[in-house]
Amino acid sequence: MAEAFLQLSGIHVQLPTAVGPQPVLAGVDLAVPRGSFTCVVGPSGCGKSTLLDVVAGLRRPDRGTVRLGGRDVTGTTGHAAWMAQQDLLLEWRTVLDNVALGLEVQGLRRRESRARVRDLLDEFGLGGHVDARPSELSGGLRQRAALARTVAQGRDLLLLDEPFGALDALTRLHLQRWLATTWAAHRWTVVMVTHDVREAVTLADEVVRLSAQPARVVRRHVVDDPHPRHPAAPGAAARDVERAVLTGLGVVVPHDPSAAAPDRAPDVEAVR
Numbered sequence: 027m028a029e030a031f032l033q034l035s036g037i038h039v040q041l042p043t044a045v046g047p048q049p050v051l052a053g054v055d056l057a058v059p060r061g062s063f064t065c066v067v068g069p070s071g072c073g074k075s076t077l078l079d080v081v082a083g084l085r086r087p088d089r090g091t092v093r094l095g096g097r098d099v100t101g102t103t104g105h106a107a108w109m110a111q112q113d114l115l116l117e118w119r120t121v122l123d124n125v126a127l128g129l130e131v132q133g134l135r136r137r138e139s140r141a142r143v144r145d146l147l148d149e150f151g152l153g154g155h156v157d158a159r160p161s162e163l164s165g166g167l168r169q170r171a172a173l174a175r176t177v178a179q180g181r182d183l184l185l186l187d188e189p190f191g192a193l194d195a196l197t198r199l200h201l202q203r204w205l206a207t208t209w210a211a212h213r214w215t216v217v218m219v220t221h222d223v224r225e226a227v228t229l230a231d232e233v234v235r236l237s238a239q240p241a242r243v244v245r246r247h248v249v250d251d252p253h254p255r256h257p258a259a260p261g262a263a264a265r266d267v268e269r270a271v272l273t274g275l276g277v278v279v280p281h282d283p284s285a286a287a288p289d290r291a292p293d294v295e296a297v298r
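Here this note's numbering is used: position 27 in the sequence shown is 53, and no number is missing along the way.
It is possible that part of the hints are untrue.
Here are the computed distance ranges between Cβ atoms for each label pair [unchecked claim]:
| id | residue 1 | residue 2 | range |
| --- | --- | --- | --- |
| 1 | 200 | 157 | 21 to 31 Å |
| 2 | 43 | 130 | 36 to 46 Å |
| 3 | 118 | 261 | 42 to 52 Å |
| 4 | 213 | 112 | 39 to 49 Å |
| 5 | 29 | 244 | 18 to 28 Å |
| 6 | 135 | 245 | 44 to 54 Å |
| 7 | 117 | 210 | 25 to 35 Å |
| 8 | 36 | 162 | 25 to 35 Å |
| 9 | 135 | 212 | 20 to 30 Å |
It is worth saying that the hints were derived from the structure and are not from the lab.
Being a predicted model, the structure only gives us computed values, none of them experimental.
Using N, Cα and C, we set each Cβ at its ideal position, and we do this for glycine too.
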């Protein structure tokens, strides 16, 4: 395993409830190498999104530390770009202005921000939609714009919280293939939460499985197949990891390695 770029050590989080504080994360340890793609899976409500909030600095853990590139960033923001399941595009801004928004927030003038992201729009398949409003885009193009806005911020770490979860199956499959190819060309450091196990093994170098709440890391599965991968035809290592993850989540799967894989593996949410 390469040296950790992102290092989580002993992360504990409690959240308030009507019956008092409840533990959500119970000593999560995680090491993520620079330029790797890590997917986090686990039972519904186990604390996956809370974990991303801690990494982004949006929530300070009750105990534990977050280090990035050897620097303690626990409870601070500005070191990571975060993308939610909803695209959160501003309807009154064009695609160009939406993608440039993060740079404007960082203090760049509008003209410079727009100039910086124009090439990115072409790469993300948005070159023909520069002046369109979000309401004029398909769901897939909206998610591309949201991801372009995330990448444009130039952060060392990208945090993706189920970015394709709200899309229909065909659009989701297309964007998985596109993201697999685009990431392989850039090698951003990515931590992504997903409930789709097939999506995880298609995209990730490593799949991290969390326990039920309060969450801890149960197992880390390395996916050795080369990038990019096709979600409809995963390699042998990806199929093995998919089977191991689903089995760990209590899903009965065929043991015959020659059995044809389904077009889409069961969602973690769907099998609870």
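| message | Tell me the hint numbers this structure goes against, listed in increasing order. | response | 4 and 8
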